[in-house]
Each structure stands twice: as C-alpha cells, then as structure tokens.
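Novice: Respectively, the protein sequence lines represent chains A and B.
Numbering-wise (my numbering), the first sequence opens with residue 1 and increments by one.
Numbering-wise (my numbering), the second sequence opens with residue 1 and increments by one.
These are calculated hints, taken from the structure and not from any lab test.
Values in this document were obtained by computation on a predicted structure and should not be read as measured data.
C-beta: ideal position from N, C-alpha, C; glycine also.
One should not assume that every hint holds.
Negatives, chain B to chain A, calculated, CB over 10 angstroms [claimed, not checked]:
{"hint": "1", "residue": "Val-9"}
{"hint": "2", "residue": "Ile-21"}
{"hint": "3", "residue": "Ala-53"}
{"hint": "4", "residue": "Thr-57"}
{"hint": "5", "residue": "Tyr-61"}
{"hint": "6", "residue": "Phe-67"}
{"hint": "7", "residue": "Lys-122"}
{"hint": "8", "residue": "Lys-129"}
{"hint": "9", "residue": "Thr-139"}
{"hint": "10", "residue": "Asn-153"}
List time: in silico DSBU-like cross-link candidates among lysine-lysine, alpha-carbon distance up to 30 angstroms [as the list claims (entries may be wrong)]:
{"hint": "11", "chain 1": "A", "residue 1": "Lys-18", "chain 2": "A", "residue 2": "Lys-279"}
{"hint": "12", "chain 1": "A", "residue 1": "Lys-124", "chain 2": "A", "residue 2": "Lys-279"}
{"hint": "13", "chain 1": "A", "residue 1": "Lys-637", "chain 2": "B", "residue 2": "Lys-111"}
{"hint": "14", "chain 1": "A", "residue 1": "Lys-344", "chain 2": "B", "residue 2": "Lys-122"}
{"hint": "15", "chain 1": "B", "residue 1": "Lys-111", "chain 2": "B", "residue 2": "Lys-44"}
{"hint": "16", "chain 1": "B", "residue 1": "Lys-129", "chain 2": "A", "residue 2": "Lys-410"}
{"hint": "17", "chain 1": "B", "residue 1": "Lys-111", "chain 2": "A", "residue 2": "Lys-400"}
What follows is the residue order along each chain.
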Amino acid sequence: MSIAQVQKVQVVAHSGVKMEILSALQEEGLVQVEKTDFEELGLNSSSVDVYQLEHNLYRLSHALDYLSRWEETGFAKKLFTSKTRMEREKRKEALGFDYLSVLNEVEKIEAKKNELLSELRFLKKEMEFLDPFKSLELPLGLLKPTETTQVLIGSLLVSRKEGLQKMSEEEGLWYEVVSRDKRKYYLLLVYHKKCGERVEQMLRELHFSPFYFTEPVQIAEPLLSKTEEQDRVKDVMRKIDEEMQIKREKLEDLDNEEKKLGEHREHLMRVHDVLLNEKERIFCSSLLGETERAAYLEGWVCSSDVKKLKSKLQPYSEVTELYFRDPLPEEDPPVVLENPKPGKPFELITKLYGLPQRGSFDPTLPLAPFFFLFVGLCVSEAGYGLLVALLSFLFIKFAKPRGGLLQFLKLLALLGISTVILGTLVGGWFGFPVRPLMILDPLQDPLSFLYLALALGFIQVWFGTLLSMVNGLKNKRYLQAIFVQGGWLLLLPSLVLYLAKKGSIWGILTLAGAAGIIFFASPSRNPFARFFGGLYSLYDISRYLADVLSYSRLLALGLATTVIAMVVNNLCQTALGIPWIGWLLAALIFVGGHLFNLGISFLGGFVHSMRLQFVEFFSKFFKAGGSPFKPFELKSKFVEFI
Amino acid sequence: MALGFTLAVFGGALAVVLGGIGSAIGVGLAGQASSGVMSEDPGKFGSLLLLVALPGTQGIYGFLSAFLVMLKLGLVGEVLKSVSVYQGWQILIACFPVAFAGLVSGIHQGKVCASGVYMVAKQPKDLMKPVIMAALVETYAVLGLLITILLLNGIQL
C-alpha cells in the first residue's frame, strides 16, 4: 500500500568537489549513503582521520556536562522549552567562537577545583583524627622525643586496656588517657628508649595504633610549617579550620568563574553540533570509492526526492555524473513509509513492530481506524479524552516538538478525540454518565458491550485475512489466496450466521469454504497427505476463535475505567460529609483519583490496543523485517538545525 | 442470610487481597530491577516507571471487582440486600477468576517487567517492546476480570 519507491543513486564526481557534494547531501538529508563495494569495483578507499575532531567533541561534551549545573532547571521549564534553534547557514559562524580557550578555561577550573576538594577532604580527615586529642593541653614541641624518652600518642581498643595497664606496671611506660569514646581510648604514652624495642613490640601485639604529629609528617605540609613549638592540639585544629575556610572561599570563587563560563554553554552547544556534523561528513567520505581523480558514491533515495536531489547537485553538474536505477532483486533497499497526514501518527505503531519486508505492504492505514476505535473503547471516559487531547494540543502549540515526539503527541491527540466520542457514547464524563447521549451502558448491559467488542474483533480478524489474500494475489500465489484465505473469508461469517440463524444456506457456504481449505491448504502432492494436511489446517478455526475472544478485553478495560471513576466520585461524596474540610478533601480526591485513573486507563488502553494489532491482526498478513531509511543528514545533540 | 452475606464479602475481600498480593510482588520485582538500573543511569526514571507500574493492574482489577461486589450487596448505597447462602457462595466463586488469575499473573508479569527493565537498560529505544511482552501476561488477568464481571452481573439477588 504505502511504501515509498526507493531508487539507487550513483554519483561519480571529480575528487575536488567530493566534500562539497557530501556537504550538500548532508544539508538535504535525502540520501542514505551506502558503503562502496571497493573490491568488486576495484576502487580505493580513502583513509580518514577524525581523531582530533573526536577528541574536541569529547572535550566539548565533557565541558557541557560539567557546566550543566548552571542550567536553569525546573519542571515546567524543562517541559516547555525545546532545544535551541540554529539556522543552518550560521554553522560557519558558530565556529568563529573561540571555544578552545573556553574549554581550556573550564578544564583548568575543573582541575583546580578537584585539587581543592581533595585537599579539603584531607584536612577534614586530619581534623577528625585530631579531635580526640583536643583536650591535650601540651604544646606540640613537648611531644617530641628527648634523649632518653619516646613520646607517642595513639588509640587503643577499649578491650585492650588491661594489657596496657599491665605493661605500665611491668615496663618503664607511663600513659595518660586523653579521651575515650565507645570503641577506643586515646592515649598519651611516654616510655624510656632503653626498653623501646620491647615496648614497641608489645604495643604492636595490643594493636595500638600510633599517630605521628611531627615525624613522619602526617599533617598537611603547609600546615606544619605554620605550627609552632608552643601550639597545642587545639591551636593546630584552629589553624586547619582557618585553612579550610580559605580553601572553601577559593572554591566559591572558582564556582563564580565557572558560572560565568556557564554563559558560554549555548555557544559550546552550537560548536559541538557543528563539529559533530563535520565528523559525520568526514566519516561518510570513507564510504566513498576513489580513483586518482574521481570519487564514487552510492546510496538510496526516495523516488519522489530524485528531482530535488538533481537540482541540489546542479551547481556541480560540470564535474559530476548522476545515475539512478531501481533496486535489483538481490538488493535490500531501506523502507520508507508514506501515508496521508491523518495516518502518519499511526506509523509509530508499525515502526514499533518493525518495518515491512520488501514486497510486503505498509499496515499503518489498515490498523489506524481499529487502533483509534479500540483505545477509545478501552478508556471510554470522555473527560479523560478531552484532557489528553487538550494537553497534547497545548504541548504541540507551545513546545513545538519535532520528529518522533511530534508524531506521538499527534497520536495522543487523536486518541483523546476518539476517547471523547466513545466515552460519551458508552462511558461518561468523569464518572457521570450522560444518559441521553449514550447508546449502551456497559454497567447495565455488559453482554451487549461484549458482543460489540467481539464483533469488532471479528471484523478486524476477517479484514486481516482479506489483506493476506490480497497479499497472496499480489505475489502470484493464486490457489492459496483464493481457496485457502478465500475459504476462511467465506467460512468465518457463514459459520457465525449458521450458528446464529441456522439457515441451511449458511451451512452450505461454510462447507464450501471448508472444502477450499481442505483441498488447497497443504502443498503436498500426495493426495492423502494433502487431504489430511488440509483437514488439519481446518483446526486453525480454534486460533480464529481465540483471536476473536481476545477482543473481549475491550469490555474489561472499558468497564474498569468506568467503575474506578465511579469509585472516585463515591469517595468524594463520602468525603463531602466530613465537616469543615470535607469540600477540600473531596476536591483532592476528585483531582488525584481521576488523574490516577486517567494514567492507568490510557496506559492500559494503549498497550492492549497495540497488542491486538500486533498479535491478533498482524499475525494474519504482515511480516516485518525491512531496514529503516537512515539518510545522511545533519545530526544534532544539543541544538536543532532549522 | 448472614452466612450468605459473609461469604459474598469474603469473595470481595479475596479479590482485593490476592490481586493485591500478585501486584505487590510483581511491582516489587520490577521496582528492584529498575532501582539497580537507575543506580547506573538515573535519567531512565521515566521510562522505567512505566514498566514498574505495569504489574500494578491486577491489584486494581481486584479492587474493582470488590467494589462491584459491594455495589451488589448494597454496601455502597443505603439499603443492604439480603443474600441467601447459595447466592453468597455464588458471589464468592465469581470472585475466584480475578483473584487467582490476578495473583499468579501479577507475579509473572513482574518477572517479565523486571527483565524488560534490564533490556531497556541496554536498548533504551525499545521501551515499548517489553511493555507489550508484559501485556501478553496481563491478558489473563483481564480475562479473569472479565469473567468475574460477567458472573457478578449474572447473579440475581
């Protein structure tokens, strides 16, 4: 149905204009460039070097990431601002910005900040370790070893205290507890150097962990130079604190500098995206085949774009030659879907399942009306539909999204409209049914609704089989298409009518359909195998039955929305009975409850309707496996080229 | 009459409890998986939330069925209906499909969603594929709900 014709394009050009042509192609995004078959054509490939570019791109994205904390945030802001727009022609200009110096600046600040931060961490640790000795009123100068004594401070686990006590009684060791916490004693030890080795050995056995103030140096170098002989631990701590304060101020200064640099973010973004495309172009040139003087490019282009492509390459016509041809049978051209405007948003669903194979057709239009209807039936709550449609419209109008997101929002808007219509007919407005407008109340009469759902399912399954027959005829499998698919097309409705009305004419038609299936379903030439094979494929009836029954979910999901909406309203009514704040509670319940219900019912409606397309409908006629069309075009990460 | 009424209430409660258990386990499984993924990539919250929320429907179906039972019994309105012992049994049994199908499918849907979460971690663009897989499991909860609704609708008080 609607797969666009794709043609192979081959360009032979003078080497001199190679990059210009690539640039023109990139600008337009009409051609998917394929890798040249170098060996078969006997062409050389040109080696490209994008290292420097890639390195700069990495630096740019790193800097942008680093500066991102100066971005203005806020949920509403994020939701309603789109990417920065940038005119294509201004790309050269963007590179005029001296981004390298900004990058250097950013990297310098980052390095400095990291250094400061690690110094701060270190000082903080020092503070923590000095803290228990705060109350030691001795000047540090006195903590140095003398000729005959060794002075140590350190900590000992509470449980080892007795061992130390014993040591102090037996050896020449004196200690004082400076402080203690739950786990450890913090001690000052003095012992005679004469028995130093033995004491140290015993201390090790007790797992005493010594701290060294003076040597080997553990306090940060600059600090030690500032500590004086008469300083006490308290004074050292004060000095460290001052030092930390200074470093924090420095950090703040750096932050301010960084914030100023943050103003360049937009420039950096532009540069990033411009360079990104430079890189893409250079990379693309490696796909081209080359001789000494000429370059050869091949790719795919939509037939409808051929004219545009020709006119784009017109300026180079003196030194280029263009050839177009249809794809060869062994080639696998990319698939481009082509649908009229209202069907376009539904392409998302097809793409989700997979693009059609070559020779198959685009299932988008056949599924669109069913999907539209099913989501409406599953949600069946007009108020919710109106909300969703309105929000989607507003978002499209104010945030101006593009590409996939735009199509998705359009789809949501369409589904919202469907929900308004079907919600009014079979559901309600925020849980209140509008009876005069209703054709059916599923709560009063769920059976009729069930029949409606099954009937819709029957129509879609039958339609799917019809498409399968059309497909078969197109691919010249006439016997299969007419007798087997045709047989089902005849059998299914006649069987339903026979069961419902018992008219013998319907019985005969059923048997006629079955006969077609029995005699033509099996490809075997052996008549017995053929007959029994055919008989066996009649068993597919159970699959058809299961498929149709699967549509009963439309009833269940529709009812679920309606009932939950009613429950919400019921709770509101109960809440209104509460004195004073009843109305407030009721309002909260109303808004929260309905939003919740909207969320789950749209999610459920969307997902289950999708499943009905994929499992029940597509299985009849559709085979995915096409590769998507990926034109060589301007890519963007941060800005949008217009 | 009192026994019948009690049985009917028991049915409604069973629908909520079993559906709720199924959903709680299912959402729990998917939630754990997604927390793991988010520890690496916090930006995936939005898309993972969808997968985590998906096994939650069974609990809602149970709740919904219980509400229908309450409507039937007049617990929501002003006048309580009188229910015979047989009718009570009927209502209780009518709640079985949604309760048990919800319990089992909720757990399994949770497993499918959890592995879907890992898939989205590697292939962020393919979010809808695991969602559809999860919906395949949910089908049976939907069918259970459907039959419960039809049965409840058919029982005359």
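Novice: If a hint holds in the structure, say so; if it does not, say that too.
Specialist: Each hint, compared with the structure:
1. Val-9: About 17 angstroms separates B:Val-9 from the closest Cβ of chain A, which puts it past 10 angstroms; holds.
2. Ile-21: 19 angstroms, holds
3. Ala-53: The assertion about B:Ala-53 is violated, with a minimum of 7 angstroms to chain A.
4. Thr-57: B:Thr-57 not clear of chain A: closest Cβ-Cβ about 6 angstroms, inside 10 angstroms.
5. Tyr-61: Label violated. Min Cβ-Cβ 7 angstroms, cutoff 10 angstroms.
6. Phe-67: About 5 angstroms separates B:Phe-67 from the closest Cβ of chain A, which leaves it inside 10 angstroms; violated.
7. Lys-122: Given a closest Cβ separation of 18 angstroms, the condition holds.
8. Lys-129: Check fails; 7 angstroms does not lie beyond 10 angstroms.
9. Thr-139: Non-interface label fails for B:Thr-139: nearest chain A Cβ at 7 angstroms, not farther than 10 angstroms.
10. Asn-153: Nearest chain A Cβ is 5 angstroms from B:Asn-153, so the label is violated.
11. A:Lys-18 to A:Lys-279: Holds, at about 15 angstroms.
12. A:Lys-124 to A:Lys-279: 46 angstroms, violated
13. A:Lys-637 to B:Lys-111: 35 angstroms, violated
14. A:Lys-344 to B:Lys-122: Distance ~29 angstroms between A:Lys-344 and B:Lys-122 Cα, so the pair holds.
15. B:Lys-111 to B:Lys-44: 19 angstroms, holds
16. B:Lys-129 to A:Lys-410: 21 angstroms, holds
17. B:Lys-111 to A:Lys-400: 38 angstroms, violated
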